[in-house]
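Q: Sequence:
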Amino acid sequence: MSKQFFGQIGRIKPECIETYCRLHEVDIYTEQWAGIRQLIFDCNIRNYNIFIEGDVVFGYYEYVGDDYEADMKKMADDPLNKEWWACTRPCFTKYNADSKEAFYSDMRQIFHLDG
1 MSKQFFGQIG RIKPECIETY CRLHEVDIYT EQWAGIRQLI FDCNIRNYNI FIEGDVVFGY
61 YEYVGDDYEA DMKKMADDPL NKEWWACTRP CFTKYNADSK EAFYSDMRQI FHLDG
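Per our numbering, residue 1 is the first one in the sequence shown, and the count goes up by one each step.
Because the hints were derived from the structure by calculation, they are not lab data.
One or more of the hints may lead you astray.
To be verified - Simulated DEER-style distance windows between Cβ atoms:
| # | residue 1 | residue 2 | range |
| --- | --- | --- | --- |
| 1 | Glu31 | Trp85 | 16 to 22 Å |
| 2 | Val26 | Lys82 | 18 to 24 Å |
| 3 | Arg108 | Val26 | 28 to 34 Å |
| 4 | Tyr60 | Asp27 | 17 to 23 Å |
| 5 | Leu113 | Cys16 | 30 to 36 Å |
| 6 | Cys87 | Phe51 | 33 to 39 Å |
What the hints assert, rightly or not - Pairs of lysine-lysine residues, derived as DSSO-like cross-links and limited to a Cα-Cα distance of at most 30 Å, are as follows:
| # | residue 1 | residue 2 |
| --- | --- | --- |
| 7 | Lys100 | Lys3 |
| 8 | Lys82 | Lys94 |
| 9 | Lys82 | Lys100 |
| 10 | Lys100 | Lys74 |
| 11 | Lys3 | Lys94 |
| 12 | Lys13 | Lys82 |
| 13 | Lys100 | Lys73 |
| 14 | Lys3 | Lys74 |
| 15 | Lys74 | Lys94 |
| 16 | Lys82 | Lys3 |
| 17 | Lys94 | Lys13 |
| 18 | Lys100 | Lys13 |
| 19 | Lys73 | Lys94 |
| 20 | Lys74 | Lys13 |
| 21 | Lys73 | Lys3 |
| 22 | Lys13 | Lys73 |
Beta carbons are placed, not taken as given, at the ideal position from N, Cα and C, and that holds for glycine.
Kindly produce the complete structure, drawing on both the sequences and the hints.
A: Structure below.
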């Protein structure tokens, strides 16, 4: 198992910024969504952070598992996560004209320094 690092960028619809922030600053810590935090951990994601500046969101996480595709499928197939994405994904618009979908786009890592 080798750690992989992921940076993702996305753009939030201006009218959804408040909702998206509330979902991640408040709602994710409620009992209703506790399973999402556990699912993220169970899918071998660590040190997950989301940052926002204006309508741009940046996500960073470390993957510590052995089968990224299987873990991402597990996450996508989870019924509670489907509910969570039904709340969060409509908040996105395409980051730019080249974006494949209105959600996070994976960024290319060009530097890493362990501390």
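Q: Now tell me, hint by hint, if it's right for this structure.
A: Hint by hint, here is what the structure shows:
Roughly 19 Å separates the CB atoms of Glu31 and Trp85, a value that falls within the hinted 16 to 22 Å. Restraint check, Val26 to Lys82: a C-beta distance of roughly 21 Å satisfies the suggested window 18 to 24 Å. Between Arg108 and Val26 the C-beta distance comes to about 32 Å, which sits within the given range of 28 to 34 Å. Roughly 21 Å separates the CB atoms of Tyr60 and Asp27, a value that falls within the hinted 17 to 23 Å.
For Leu113 and Cys16, the Cβ-Cβ distance of about 34 Å falls inside the hinted range of 30 to 36 Å, so the restraint holds. A hinted range of 33 to 39 Å for the beta carbons of Cys87 and Phe51 is inconsistent with their spacing of about 19 Å. Among the hinted pairs, Lys100 with Lys3 is consistent with the structure: their alpha-carbon atoms are about 26 Å apart, no more than 30 Å. Straight-line distance between C-alpha atoms of Lys82 and Lys94 comes to about 20 Å, which keeps the hinted pair within the 30 Å bound.
Taking the CA atoms of Lys82 and Lys100, the gap is about 20 Å. The hint holds against a cut of 30 Å. A threshold of 30 Å between alpha carbons decides the hint, and for Lys100 with Lys74 the separation of about 22 Å falls inside it, so the pair holds. Taking the CA atoms of Lys3 and Lys94, the gap is about 29 Å. The hint holds against a cut of 30 Å. The straight-line distance between the Cα atoms of Lys13 and Lys82 is roughly 20 Å, inside the 30 Å bound, and the hint therefore holds.
Among the hinted pairs, Lys100 with Lys73 is consistent with the structure: their alpha-carbon atoms are about 19 Å apart, no more than 30 Å. Of the pairs offered as hints, the one joining Lys3 and Lys74 holds, with about 19 Å between alpha carbons and a cut-off of 30 Å not exceeded. For a cut-off of 30 Å, the pair hint linking Lys74 to Lys94 stands: about 25 Å separates their Cα positions. At roughly 26 Å between alpha-carbon atoms, Lys82 and Lys3 fall within 30 Å of each other, so this suggested pair holds.
Restraint check: the Cα-Cα separation between Lys94 and Lys13 comes to about 9 Å, which is no more than 30 Å; the hinted pair holds. The suggested pairing of Lys100 with Lys13 holds, with an alpha-carbon distance near 17 Å, which does not exceed 30 Å. The straight-line distance between the Cα atoms of Lys73 and Lys94 is roughly 22 Å, inside the 30 Å bound, and the hint therefore holds. For the hint pairing Lys74 with Lys13, the CA-to-CA distance comes to about 28 Å; that is within 30 Å, so the pair holds.
Between Lys73 and Lys3 the alpha-carbon distance is near 19 Å, which keeps this suggested pair within the 30 Å criterion. For a cut-off of 30 Å, the pair hint linking Lys13 to Lys73 stands: about 26 Å separates their Cα positions.
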